[in-house]
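Novice: Take these sequences, add in the hints, and give me the full structure.
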Amino acid sequence: MTEAVANYKLAKDNHQLSHIPGSFGWPLIGHTISLVKDLYGTIDKQYKEFGPVSKFGLAGFKGVLLCGPDLYQQVYLDKEKNFSAEMGYMGSLGRFYKGALLLRDHEEHRFQRRMMQTAFKNDAMKGYIDTMGPMLAEAVESWDGQEDFHFFPAIKQALLDVAATIFVGLEKDDDRAEKLNQAFTDVANGLMGLVTKEIPGTLHAKGKKGERYLHEFFGSLIQDRRNNDGKDTFSYFAKELNEDGEYFSDQDIVAHMSFLLFAAHDTTTSALSHMLYHLGQNPELRQRLREEAQAIGKDYLEYEDLDKMPLADAAVREALRLHPSVMMMQRRTIKDCEIGGYHIPANTILFLAPQYVHRMPEYWDEPEKFDPDRWLEPRNEHKRHSFSFVGFGGGAHKCIGMHFALMQTKNFLHQFLTRYDFELPANFGTEMQTVPLPKPADDLPMVLKRLNG
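Residue 237 in the UniProt record's numbering sits at position 237 of the sequence shown; the count goes up by one each step and never skips.
Derived from the structure by calculation, the hints contain no laboratory data.
This one's a predicted model, so the numbers in the text were calculated from it and none came from an experiment.
Heads up, some of the hints might be wrong.
Derived DSSO-like pairs (lysine-lysine); straight-line CA-CA distance at most 27 Å [to be verified]:
1. Lys121 - Lys335
2. Lys206 - Lys37
3. Lys79 - Lys298
4. Lys308 - Lys335
5. Lys335 - Lys79
Cβ pair distances, simulated, as ranges [said to hold, decoys possible]:
6. Lys172 - Asp299: 32 to 40 Å
7. Glu368 - Ser220: 46 to 54 Å
8. His343 - Gln146: 18 to 26 Å
9. Phe111 - Ser220: 24 to 32 Å
10. Gln146 - Glu107: 47 to 55 Å
11. Gly341 - Gln294: 50 to 58 Å
12. Asp373 - Lys335: 42 to 50 Å
13. Gly341 - Ser220: 26 to 34 Å
14. Asp421 - Lys335: 38 to 46 Å
15. Phe120 - Leu376: 39 to 47 Å
16. Ser386 - Glu198: 38 to 46 Å
17. Asp175 - Arg226: 23 to 31 Å
18. Ala441 - Gly193: 53 to 61 Å
Even for Gly, the Cβ is constructed at its ideal location relative to N, Cα and C.
Specialist: Here you go:
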């Protein structure tokens, strides 16, 4: 490895992209405003005017926007180890989540991912599902009879309770769970702040305070989790040994726990909210999913039941296709390279927009339509290109919690659809929010109807 490559983390972002077509947008903010208002329309305009590779500006960053599964395959598989996730996110997520698994590169990423493997293997997942079912059942049951019910805050609270128990090992109603939620909310808002110095009263300053709380909270509990017999994710991380037979450092564990809870809780909340938005407009599909859940014939799903819900699996993937939980994924080049026929200099930020590739008509039939059957036999549209769907990322950085997320969504549908039918109000909103978390802008009001029997 050359010295230039070894020191890539010290280099500044490259902005010398005059040879690439496109537009950086407005000074400082780039295309941020139009992207927040209409993510798909903004990317579509850029793609149609300039092609699959174009220069692009976003939230103070200048880089190259990539559109298309062939380009995503090159970046995600990263066969030459030339795309840095750490440096791609350093100016955004890295401001609060430096050291998280997503922000690790190549061998360092592989080494750190080992810490998490035991926590997401079958034995651990079987323990999680035994905890998850009753907790979701209790939450869903408590929604009965609520007036002015909004799905988003209700499912957000339910999933936070589940995450606090399964990931962190907190008992239900532990008041620390609410403090954790507030800290994560402050960090999420801090990521949206234009001021990136810790000036009192700014979103960034509140986010930094939340970050310090998370680090102190998780750091103070590591020794306890090593000494107990807990089956929560935190305990698995704390007890995992590296290749030298030593514990991973407290600093690494804190970084991974902070980001895991944020990523797992918020992304599933987003996915379920979008799925229910579409199911609320399709009673026939709701009934098919209900019958699939009822056919299990149990109060709570067991691990072996998950494969018996292929339509539920397809429904959540379809929700993530239309509404990815991550608006924009980023990398930065380490060395000069060629992408899509263009020379891309070292240290250039790359923007990847999952929603756009998820709606490209070359790979998806009627791409604007919510249609879970596209994922099932005989259609299998997702097999037309292995990177036409990147809702869980791809390559070495593919979401380590993907199977947990799918397990959680199936457990929720099993509890929810066997208890209720529901309708969206006649004047339900169609506007979608993209930041800080993708969701229906009106928090998805709905009317629950208790099923007989």
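Novice: Can you give the numbers of the hints that this structure goes against, from lowest to highest?
Specialist: Result: hints 1, 3, 4, 6, 8, 13, 14, 15, 18 break, sorted rising.
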